[in-house]
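**Q** Once you've looked at the hints, dock chains D, Y and U against the given chain B.
There are 4 protein chains.
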Amino acid sequence: MSDSSIAVAVIGATGIAGQQFLSALSKHPMFHVTALVASSRSAGKTYEEALCNDDGQLCWYGDDSFTDFADMIVVDAKTYVPDVSLVFSCVDGAVAMEIESRYARHVPVISTTSAFRYEDDTPLLIPNVNLSHAALLKRQQETRGFKGFVVPQPNCTTLGLAITLAPLHEQFKISHVTMTSMQAVSGAGRTPGVSSLDILDNIIPYIVNEEQKIETELKKILGISKGTTIQDASFFVSCACYRVPVIDGHTESVFVEFEQDVSEKNIREALTSAGTMTQDCPSSPMEWITVFDDPYRPQVRLDRERGNGLTTSVGRLRQDGSARRWKYTLVSHNTKAGAARGAILLAEWLYQEGWLSV
Amino acid sequence: MSDSSIAVAVIGATGIAGQQFLSALSKHPMFHVTALVASSRSAGKTYEEALCNDDGQLCWYGDDSFTDFADMIVVDAKTYVPDVSLVFSCVDGAVAMEIESRYARHVPVISTTSAFRYEDDTPLLIPNVNLSHAALLKRQQETRGFKGFVVPQPNCTTLGLAITLAPLHEQFKISHVTMTSMQAVSGAGRTPGVSSLDILDNIIPYIVNEEQKIETELKKILGISKGTTIQDASFFVSCACYRVPVIDGHTESVFVEFEQDVSEKNIREALTSAGTMTQDCPSSPMEWITVFDDPYRPQVRLDRERGNGLTTSVGRLRQDGSARRWKYTLVSHNTKAGAARGAILLAEWLYQEGWLSV
Amino acid sequence: MSDSSIAVAVIGATGIAGQQFLSALSKHPMFHVTALVASSRSAGKTYEEALCNDDGQLCWYGDDSFTDFADMIVVDAKTYVPDVSLVFSCVDGAVAMEIESRYARHVPVISTTSAFRYEDDTPLLIPNVNLSHAALLKRQQETRGFKGFVVPQPNCTTLGLAITLAPLHEQFKISHVTMTSMQAVSGAGRTPGVSSLDILDNIIPYIVNEEQKIETELKKILGISKGTTIQDASFFVSCACYRVPVIDGHTESVFVEFEQDVSEKNIREALTSAGTMTQDCPSSPMEWITVFDDPYRPQVRLDRERGNGLTTSVGRLRQDGSARRWKYTLVSHNTKAGAARGAILLAEWLYQEGWLSV
Amino acid sequence: MSDSSIAVAVIGATGIAGQQFLSALSKHPMFHVTALVASSRSAGKTYEEALCNDDGQLCWYGDDSFTDFADMIVVDAKTYVPDVSLVFSCVDGAVAMEIESRYARHVPVISTTSAFRYEDDTPLLIPNVNLSHAALLKRQQETRGFKGFVVPQPNCTTLGLAITLAPLHEQFKISHVTMTSMQAVSGAGRTPGVSSLDILDNIIPYIVNEEQKIETELKKILGISKGTTIQDASFFVSCACYRVPVIDGHTESVFVEFEQDVSEKNIREALTSAGTMTQDCPSSPMEWITVFDDPYRPQVRLDRERGNGLTTSVGRLRQDGSARRWKYTLVSHNTKAGAARGAILLAEWLYQEGWLSV
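Chains as they are written, first to last, in the working numbering: chain B, 494 to 851; chain D, 494 to 851; chain Y, 494 to 851; chain U, 494 to 851.
Possibly wrong hints are sitting among the right ones.
Note that identical chains are pooled: a pair holds if it fits in a single copy or bridges any two copies.
With a straight-line Cα cutoff of 20 Å, these simulated SDA-like cross-link-like pairs (lysine to any residue) come out [as the list claims (entries may be wrong)]:
1. Lys706 - Ser815
2. Lys706 - Asp548
3. Lys706 - Tyr789
These are computed hints drawn from the structure, not numbers from a lab. Remember, predicted model here, so these are calculated numbers, not experimental data.
For reference, chain B alone in the conformation it holds in the complex (with noise of 0.2 Å):
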């Protein structure tokens, strides 16, 4: 890969989601970012001068590597930038799936929004965990008239249990997954975000919404590729998220029983010798899973920043009555690998897979 060969747009720049893309993007090796997009009250400015509230207070929550955008102009989502050969885009709400359409016409867009996580001609690509489901793309650039098209990136709880449950799943068939989810306030976002009054010496036991997301792109994602449709894995899962006073990191409670009894060893070899696709990948972590023996972890505060916030960590994996019942705890960082990370991790992934050169 020649150094910063590819210019890329973030659409949603002046977002924390952006913000975290822009320091991840900082410096990188193959991507430079030559075009902030945002919506049209920050459209004109300077990036420093969009990010900077009425108070005249600069809202910048990432790195150092501020001072390498700061003087950029922002430009209106509203319009196309040109110019550009791939776009992460974190765009707020109702206008995403427009906007990541308009530019999907020309270039690959990778998305953390859900705009087009649910979409039938959409696969929800995970590095290292299902490759196959990119022939479903082809079908929606004929659907849809796309040059490039547009992957969505999975709900940051689905990340986790997917990552885990994925290599399992092949080797030793998954018949049912019960999952509690404890997230952390991050994955709620900053405006209006959870408000403190709500979460200190507190749990909230609902996330709108979320458990429907994370049963319906668990089967999606573990499906089997047939041409271009996915067929949804056919085994039983059930989630339950609380929202728990932690910054960042995600912990999962997980249930799983296999179609055949399946010893200990076998599973931990099936974690941990999972994530070879994407070792050379400039982004990669040194393990893609981490399985630890001590019991008290992985604890989220420990462990979230492993392989950079690339890395999944499981730990307390235990027999649960029998070999085919297992449980075990899992430890994902919600923004690190559950969004701006872990889409330029794909974005690298794509690429030396071949689909980034439309």
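**A** Just chains D, Y and U, lined up with the frame of chain B:
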């Protein structure tokens, strides 16, 4: 019931659980505390002296009722205090079985310790749940030569689970339970308890022995009494226990499968109509189980104090794929229902049912 | 006082502060709520309807008293409700001055808003502290053509500081005050309030305008009433205000210098003997100021609820280099003493002192 | 400086502070660890064995550098390890003075303990602050017969205060300092440390001896070196120390009065131009003191890691009534600047200044 007719001793009176017993027994209409029992380190001192640490700081964590007990002389747990008709025990550790047995030779002992929990001849009694198991006490008395008996409370995490599953199992027969708990730090006590360095912005995925305790206790509590034995319930139960940054109150994410289809209406009725047996007890909460419609409830900080900490709160009751499977969340106060206040209600109920007049 | 003799309106009845007024006024021996006033968005609805958000969720954060008010019809704040003899106002923002003036033309208004706080003709009254300032209300009435008046409460952070300094200043003359506050998140309200993302494991060193408010208000409250003017206290006061991850209750670290040497005994007596003026008021706490000997107290979670949230707790009183300088810590409940409950006690006290019979 | 030229021992190597020393010394360009010293309980074991608790859990809280040390054999603190040229000590408790003296007879000891802090013949050295005080070490050597010496670090709360006040006192002469600290729980260590039950949703207004330590240390550090004595600074200093629910990093609210009027520009220049003496040290942060314009900064969670935990962050610098009085907030990392990393920078600086070649 005549006022203050029953003289009680509190064993382990200087610890936090002991202090909670005293707060709850102050001005109690049925019980009056005539003896405070603790280790030889405290024996012979006034209760106030015994609670002062080396810095002269009074380590009392209860309410204003302290003055009721400040001047009582603490009795050595190695001796026996006659002239009490009932004992509440929350003594720590390995000595519990010996001390509780010494008192049970003469009078009933209600205990929050685990010393007797897993003994074959000992029931785990919960008000409104399993009165028939009290018959097992006859066997305990015969086997051990007790005139009184020892009734241990279940683990604080078992309690809310058993209270909510009992009316469901009775009516609909449970086949499978999966539960993930999010447990308050107060469950681990104070010294050393959970270090703040370990739990701020964090979740700990392991509590030693907790899962096995719950699984064992639940099957015993919901088992069938056959003369002087209890046959464990035959359903499958699997738990995963987590420590979370919450001060008081355990939250549990419950998935339950029945042997038959059940309607939401029937489940709700079963839950909300439970609790009638204790309704005349002085400590009885207005509602034994509260079922919320608001999907954002129960929240542990908002709901743990319901019914003076004795109400179990249930919410998010929802079907899980089919009418045989349901899921819900519950909140239960671990140091009120799950310790002193729960033990006192148990004593009131046993008195009402004729079990305290030994 | 005859039961329920005074009909009151609550303006801003749908917000959190309004709900706290209603909880505190339910079954109040002197006041009964006859009108709930809110914005036109809520007007014409029942109170229950007005509190439901778009998801149908009831946004009531108070206690069981909700049923007392659920069926009352909310009145538009743009109109005037006759037939009330007293108004409690916690209406937000720019409209407060206009609405409070409209009511003050007829009846007394006790307000938790800042609209009138810094007006020359308006006293900041605190029970037990500065009754003589009420004379200023005559000037307010004349200047503005009010038959009633508006008495605003001070800022919640000023309150505990003024309550503890008032008896000291009266007896020993203060020359210099330095105060650092550690303020609860509930002081910032709920929407948007303090984002949990900003405050977990964190401290925010800035609260807009807070320091100036406290400095201005304190000198006014402890100023000298001269006929119908108040001459600000002449001591120097400097504050630094921080937001901390605490739900309710402000902690203040106070350094005070007197014009003369003062003994610890005299300071303690001054503090503990304060509060006699309100002792016959229905809401009066048993202790107006509690002074702790235990150096680990007051702690905000343990002590904020003292006296039903109306007691100010003081501790760590210690000499600071010489007998002219002292330092201490205080805890005050920002949404109880500092809002609804404090305003109600103020009204009870004004009634007792003859100020409500306009 | 030649690579790894200096062999160092770490005394107290198994505790948290010791682990932080090892993490920071791994791959250090000047120092290489040749001896791990700990209590007889650990002696003779490999470092890995010594860190395992009774449950077999590895109690290592540092980063990946553990493998560098895992196989080293721990040496008994009762013996003496020759062949080291420098010692870092963080040994606990009453034995510190004896052990540190034993090593100081031969080599320099840099210590994070308080054993020597208040000795008349011992300076409290801080990089960039008080090099002239090192002359006092000559007296320490003579008095005690040391070929080496012991240099203790100040208390972690003193450190940021002294670093920010030093350039101000040097240029403008301070007359009065008032400081309220909001201290992280990590300052109290892990066993027992601060119980989570005491600090969640709470503030503790007392830390034993902390205020006196800071007051004493600050006047010593900013005192004037006169030959082999130090004359304490003559300004008045008063502190109030609070424990808050923050994991790492102390926040301090500082009020300072000068003997003369000072401009904001001059204060800023004094602060931002400090730190030049260490700029060639390997651990030196890019900025010794960062001064923020944004009034919402510094925030402890966002800023504690600046300069790898060695930068002191200052914000909200503002005049306080007159140009003689100023106030500001600071954030300093208590377990980085205030412990191992700070001690290592101190060693680097002493080496540079010629003090380590004994």
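**Q** State for each hint whether it applies.
**A** Tested hints:
no.: 1; hint: Lys706 - Ser815; in the structure: between (30 Å within a copy, 18 Å between copies)
no.: 2; hint: Lys706 - Asp548; in the structure: between (38 Å within a copy, 19 Å between copies)
no.: 3; hint: Lys706 - Tyr789; in the structure: between (29 Å within a copy, 18 Å between copies)
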